[in-house]
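> Listed below are the residues making up each chain.
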Amino acid sequence: MQWVIFANKIMSIIILIAAVSILIAGGFLIAFLWGVKDGQFDDDFAPPNRILFDDSPKEKIKK
Amino acid sequence: MVNINNNVQDISTCFHCGEDCSNKKIALEEKIFCCSGCKMVYEVLNQSNLCTYYDLNQNPGLAQKINVRADKFEFLEEHSIAQKLIRFADGKQTHVNFYLPQMHCSSCLYLLENIHKINPGIKSSRVNFTQKEVFIIFENKETTLRKVVETLTSIGYEPHISLQDISSKKAKKGSKNRLFKLGISGFCFANIMMLSFPEYFSLGGFMEKEIGQAYRYFILLLSLPIIFYSATEFFITAWKGLQNKFLNIDLPIALAIAITFGRSLYELISDKGSGYLDSMSGIVFFMLLGRLVQDRTYRSISFDRDFKSFFPIAVNVWQNGRFTPMAVEQIKVNDVIQIHTNELIPVDGILSKGEAEIDYSFVSGESIPLAKEIGSIVYAGAKQLGANIELVVVKEISQSYLTNLWNKDVFKSEKHSVSIIHKLGKYFTAIVLMIGGIAGLYWFLQGEILLMWNALTTILIVACPCALLLSSTFTNGNILRILSKNKFYLRHPDVIEDLSKINHIVFDKTGTLTPNKKAKVLYEGLWISDEDKILIASVLRQSTHPLSRIVLEHLSATQQRDVDSFKNTVGKGIEGWINDKHIKIGSAEFVQNDLSEKQGSSVYVKIDEQIIGVFRIKNSYRLGMAEVVQQLKLKYKLSVLSGDNDAEKPYLTSLMGSDSELLFNQDPEEKLAYIEHLQKAAQRQVMMIGDGLNDAGALKQSNVGIALSEGTNNFSPASDGIIDAHQFARLNKFIAFAASGQQIIMASFILSILYNIIGLYFAVQGTLSPLIAAILMPTSSLSIILITYGLSEWAGKKQGLQ
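Protein sequence lines, in the order shown, are assigned to chains D and C.
Using our numbering, the first residue of the first sequence is number 1, and each one after it goes up by one.
Using our numbering, the first residue of the second sequence is number 64, and each one after it goes up by one.
These aren't lab readings, by the way, just hints derived from the structure by calculation.
Predicted model only: the values in this text are computed from it and were never measured.
By construction, the Cβ of each residue, glycine as well, lies at the ideal position given by its N, Cα and C atoms.
All the given hints hold, so there is nothing to weed out.
So the derived label-pair ranges between C-beta atoms look like this:
| hint | chain 1 | residue 1 | chain 2 | residue 2 | range |
| --- | --- | --- | --- | --- | --- |
| 1 | C | TYR162 | D | GLN40 | 21 to 31 Å |
| 2 | C | SER143 | D | ILE24 | 51 to 61 Å |
| 3 | D | GLN40 | C | VAL396 | 43 to 53 Å |
| 4 | D | ASN8 | C | ILE820 | 44 to 54 Å |
| 5 | C | GLN382 | D | GLN40 | 44 to 54 Å |
| 6 | C | GLU773 | D | ILE24 | 44 to 54 Å |
Derived lysine-lysine pairs resembling DSBU-like cross-links, with alpha carbons at most 30 Å apart:
| hint | chain 1 | residue 1 | chain 2 | residue 2 |
| --- | --- | --- | --- | --- |
| 7 | D | LYS37 | C | LYS239 |
| 8 | C | LYS210 | C | LYS94 |
| 9 | C | LYS147 | D | LYS37 |
| 10 | D | LYS37 | C | LYS186 |
| 11 | C | LYS489 | C | LYS564 |
| 12 | C | LYS416 | C | LYS446 |
| 13 | C | LYS596 | C | LYS630 |
| 14 | C | LYS583 | C | LYS630 |
| 15 | C | LYS548 | D | LYS37 |
| 16 | C | LYS303 | D | LYS37 |
| 17 | C | LYS303 | C | LYS564 |
| 18 | C | LYS681 | C | LYS669 |
| 19 | D | LYS9 | C | LYS335 |
| 20 | C | LYS796 | C | LYS583 |
Start from the sequences and build out the full structure, keeping to the hints where you can.
Written as structure tokens, this is what we have:
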């Protein structure tokens, strides 16, 4: 009898784990779709270079 | 790493554009510039504290030798024209998008996004580098559209504003949609595989049943977005094919997906097994991935340009006593229009004022400009090289000669060539259906009805021609990628196959075999003293005629004398007096009244009454042209079509061989007709290489039309592919590489058939378990992807491509 209880516990744990893992993966999927929609994949040159430009001192004060 | 060239380079190259300027330099603060244009850009940037532009990349600019006329953008003040360019305006702010083909490095990015420092009226500017566009928001109170364009022009980024931008807005939705589909199918596929693992290994004995049940319904849930969203394009194209009575390759795929889904659903509901949803989702995912790789789009390159993109959008028209800018479409017959130096003439007209030096190279391929007298007709597409002229319009833009050429039928019909994949796919489908039928019949006769259904459905599932399609999509995708890295851009994957089938290559001469603006000068005659050189050069400097420029450059005289009573006889030559010496330069007719010599590219020189000699200007050919022609001659028939005179015939004959056809003085329609003749009468698969509008019809008519472009910034006519002019010498390698692609597809197709045979072995017996299907499907897909990738990389290396 103990076996059955144990097995049931493991079963519910495994189902839980599966559900959680799909939720996590779903989070990444949403992040990806969001990125696509936002145009993150439209231009692969400008953003990585833009971040490297130093702002001139004047501008820093403005911000 | 230390850049050793650093010190050497500074000596004689322009600080702005990096061009060699040892002949003529302008110095400013220890910096050297090749022309005043470059210097001006530097000064503007220096004033606005934007010299980081020069720190990011060495000599990031582009040469500014051609000055932009001050009132060039006057037409932007015209409300109706400006309205077509503006994307959004609310009275205070205006949003506008410009296409800047000059954009090429991070310095450009830096400068364009900091443009508000030069023109404070600009509130924000954002660059889209892959599309070479800048999105600008400006305040209406502080600046105007015209001023924004002039600001951009002043720093060397003159926006390209053309009729085509206005009349059609590009659609860019497609690729995003496909990424969505890919993302969702990838997510579902990965999770279905994960949830199927326990099933594969039959873990957990008696737990299996209940957990398994729960997992199976999870899997079913996950497969729904795949079949109802990601896979829709297969169903849609298959259905469209059926409607047009055409069995396309998507049909067996759609069939296999539908059957797999139906059978899995049946198994799940009747609790007989777990179905093949894992295989199905994998197929959809890999197929979508393959199509994404294959259908790469070069967003900054346009293959569909028609004459409109070459034309200005506005031109000055005489109205109410003055010239005002007017949109080209609104020009009416009998309007008087003004054309400035170096401008394209947008409509057919009669010359009414000024001296016309018309460069028709764009339209007809003639390399030498023609002089036109008042009263003669000038066709649209020509470029005015001399001073300003006025024309009386005889035909509106929609009826001009060029537009008519474009409206010919060739431009309306799409080329249809049935790809090898579709042919194979047809046989393949037939064979699979036959095997399915035989196996089904066999089990039916054995009385095993259940096994019959099993066998029939699994055969269709296993034998879906996905592997065949995968091999072609991934091979083509990788070939396109490698070719584009080597600056040979193809419009569509089908062009690769067409390229492997050609057996006749037709070249255009002017601009294709011979670069524009580069010429070889041969001098025949007496020895010229340095003093005489200076005299000749001084007179030549007064003229803007291209031949004068070429000879002037050839003489490379440094000093200059004042020229008295200079006289220019249009189309003939020039003369002038220096210190009582009379210098006469020009055609044979002009200099020595010799009418026997045809109008061509010879410049005679006479000082006082003595003929000094003649400069013969020869076409100079593209670097490596002779070698590549020698190579191509071995495998293909060659022809040359030229709009120019036949002065170069002897050389070309010796180069191409006597069995090649060389045709001169061809107009655009004759070029088109020649290609058509080759295809119909001689049954040839023709590749045409050309560069100008005059080749546009022939490019469209040929099986593969390749446009040659000096730098992808430049504009090229509609074509199947664009080759960078510097890569011309590798043309034979590109063709060979494309041909090897077909072999790779065949090789991987054979491999995929092997996989199919293994699968079918189980399927005909009705014993294909989900486990075997789940192992077979991803391994076959993945190994085919790897093999096509590896083989195409190897084939590229073999041809010396990067």
